[in-house]
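The residues making up each chain are set out below.
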Amino acid sequence: MKNIVIIGAGVAGLSAASILKEKGYDVTIIEKKAYDGGNVASWDRLFPDSRRASRLIDDVKRPLGDGVTIHYDQSITSLVKMKDGRIGVKTDSLETIHADALLVASGFSLFDAHLKEEYGYGIYDNVYTQADLESMFNAGKVLTRSGDAPRRIGFVHCVGSRDEKVGNRYCSKVCCVTAVKQASEIKQLYPDAQVYCFYMDLRMFELPYEDMYFNAQKLYGVRFIRGRLCEAAEKMDKSVVLKVEDTLAGQTMNLSVDMLVLMAGMRPASDTTRIATMLGLHCGKEGFLTPVDTFSRGNETEVDGVFLAGTCTGPKTIPQTIADARSAAICIDEYLKKRKK
Amino acid sequence: MGHEKIMGHDIDNTGTNPLTGRRRVWKEYQKVIPSDKYFYVRSCIRQNIFPASEVHFLKIMREALGKDVYENPHHTTCSGIGYHSDVVPLETSMTIVARQFALMAEAGYENLAVSCITSFGLYTEFLETWQHFPHIRERIAEKLYRATGRELVLPKCVAHASDIIYALRDEISQKAKYRLVNKNTGEPLRIVEHIGCHYAKMFPSKGVGGAEYPCVLSGMVDAWGGQIVDYPERRQCCGFGFRQYLVQANRGYSISNTKKKFDSMEPYHPDAIIANCPGCPYFMDRWQYVIAEMEGKTYGENGFGIPVLTYEELAGLVLGYDPWDLGLQVHQTSVEPLLDKMGIEYDPSQKYKGLDGKDLGRPEEPRVLKTELCPHCL
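Top to bottom, those sequences are chains A and B.
Position 224 of the first sequence, counted from 1, bears residue number 224 in the numbering used here, the numbering being contiguous throughout.
Position 171 of the second sequence, counted from 1, bears residue number 171 in the numbering used here, the numbering being contiguous throughout.
In case anyone wonders, no lab produced these hints; they're calculated from the structure.
Be aware that one or more of the hints could be misleading.
Stated by the list, open to error - Listed below are the simulated EDC-like cross-link pairs for lysine to aspartate or glutamate, each with C-alpha atoms no more than 16 Å apart in a straight line:
(1) K285/A / D163/A
(2) K235/A / E266/B
(3) K37/B / E125/B
(4) K235/A / D49/A
(5) K238/A / E171/B
(6) K235/A / D68/B
(7) K90/A / E231/A
(8) K243/A / E233/B
(9) K59/B / E266/B
(10) K59/B / E171/B
(11) K259/B / E293/B
(12) K2/A / D84/A
(13) K173/A / D271/A
(14) K297/B / D325/B
(15) K337/A / E286/A
(16) K238/A / E106/B
(17) K260/B / D222/B
(18) K2/A / D26/A
(19) K235/A / E106/B
(20) K259/B / E233/B
(21) K201/B / D92/A
(22) K156/B / E187/B
(23) K201/B / E231/A
(24) K238/A / D84/A
(25) K67/B / E106/B
(26) K235/A / D322/B
(27) K165/A / D112/A
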């Protein structure tokens, strides 16, 4: 039986594995963390329909059954293209696995919000990222550091995205709608809270997103202010003072919030460059892996037998990631069938 | 991992107590600051507004710490004040700066110590420009040679004088006669720091601790026993911005900037403010008098203002220099509340005596802001 190795047990890796298993391949997943689900595992609910992230991961994993081996806590130490066309995959504690095809589904990392120093993440008590807020939703408690219910909450869009200062000019796609989702959820939790979203422009590109944006305003009274945050500072009571320019009103304003949530963008996962170097894959200027052709061969690489899926090639929503992973699985199947002939 | 020293602060960087908060930022912005052998360039205006600060930088360096700091009387303004006011062209400023560097090299020094924040920003800006556009550097070198016959030699290091005091703060602490501690309560004095805009806002990597959370002054306060006060308008300009005070009609912006800062820091009850820019301490000192006259508002205890000091003045007090030798009598906001808290001995009768013992005359008593001149305060 042909053996396929997948790097990453996130939504992309798991989705591709289920298709490949169904097609009769022996699939091994190498995961660097102690759990599967990737970034989605730390989320509470997902846009656009508020389904539980844990439910989605269960749905994706269910078809795997016992036929797919997942090795957790594994760091890839070498990836070698062998003379027989297979790829030797070695981790720090496993014997070398000889893969007939390799799927890189190494995903993304959140932009390190510490780097936007002026927003005070890691400095001020009540500055959080959207991932921190999801953890609070998961725990069933959204409270300030001092344990109080927040009365005013601000969301800053495009933190580390579309920002030349930090070297990331690209849009991370999902942050706008995530902010709309989280702002609405906060209002469901605290109907009397005042919630502000500070945005450059709102990119509501999928069918349901515009409705979510509309509902956030009409049903929940979330206030959307076009303008970028200049800086945040902490007051004596640990609330956060924001200096913002409202570019529609042409005014600057000072606003205090009890919680500030930074919508950190997507960055290539930390080991993307290392994997690319070991295999001779190409990375774009943003650091994401680049396929042979983004239009027609979006899962293929220039290295025979190596394929790409999910957000390792750039920001994607979860449905896009799953579709991309299924597409990669079909590509691998076609590739192996051709090789057999 | 383990214990390490970051910006002079002992950091527990073990897995159980990872690098957090400001210390994490400071680690990203470390700067090499030589501890000796500097060529010193003065500010255009500091000798007029805080007349003993620069001379005490030299005294501290040479006499208290035994360092080699050379000053050439032929050095001039860096022209930054004219450059930022659009009256001196860029190439003229660059040539003037190139001449300062040439003087330094001729004197056999490689490290430049800069008194003024705007000069420091300008030197940094020009060095960056010349690094990225070598043809501009060549053109300036040619102009320098044609005008003065001198060769352009780039410095090995450009440090603001506050960088140097920061680097030597522990040596100063070891020789300290007084500490930033309230002698009556034993509590650390609460100090507001104010960093000049041109220090690191243009080139964060050139400032100790970066632009957002610089530790050049907070490090001194920390080392000398005080406690730094962070407050919401910490980063706000002091109001000195060139266009705000050079254009008389704009001076309302200046005082409103300063007032915004005072209103923001007031709830923290600071005992003093220190700054590392020529203009910041001047405006924060003088505008307290103006705000008191205009609005009847004072920010210190019992109707006094908050004493505002340069970092050299503060270092001088810590080392036990006489407050009047440090020029503290020319401050409009009285410094006596701070001196009393630190337990510094001073002779009020000598306050308005010159170095030669002659009477300098007393300023007119303010209407609102309390000073040591008020009869009930004497």
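Index of numbered hints that the structure contradicts, given in increasing order:
Violated: hints 3, 4, 5, 6, 7, 9, 13, 14, 15, 16, 17, 19, 21, 22, 24, 25, 26.
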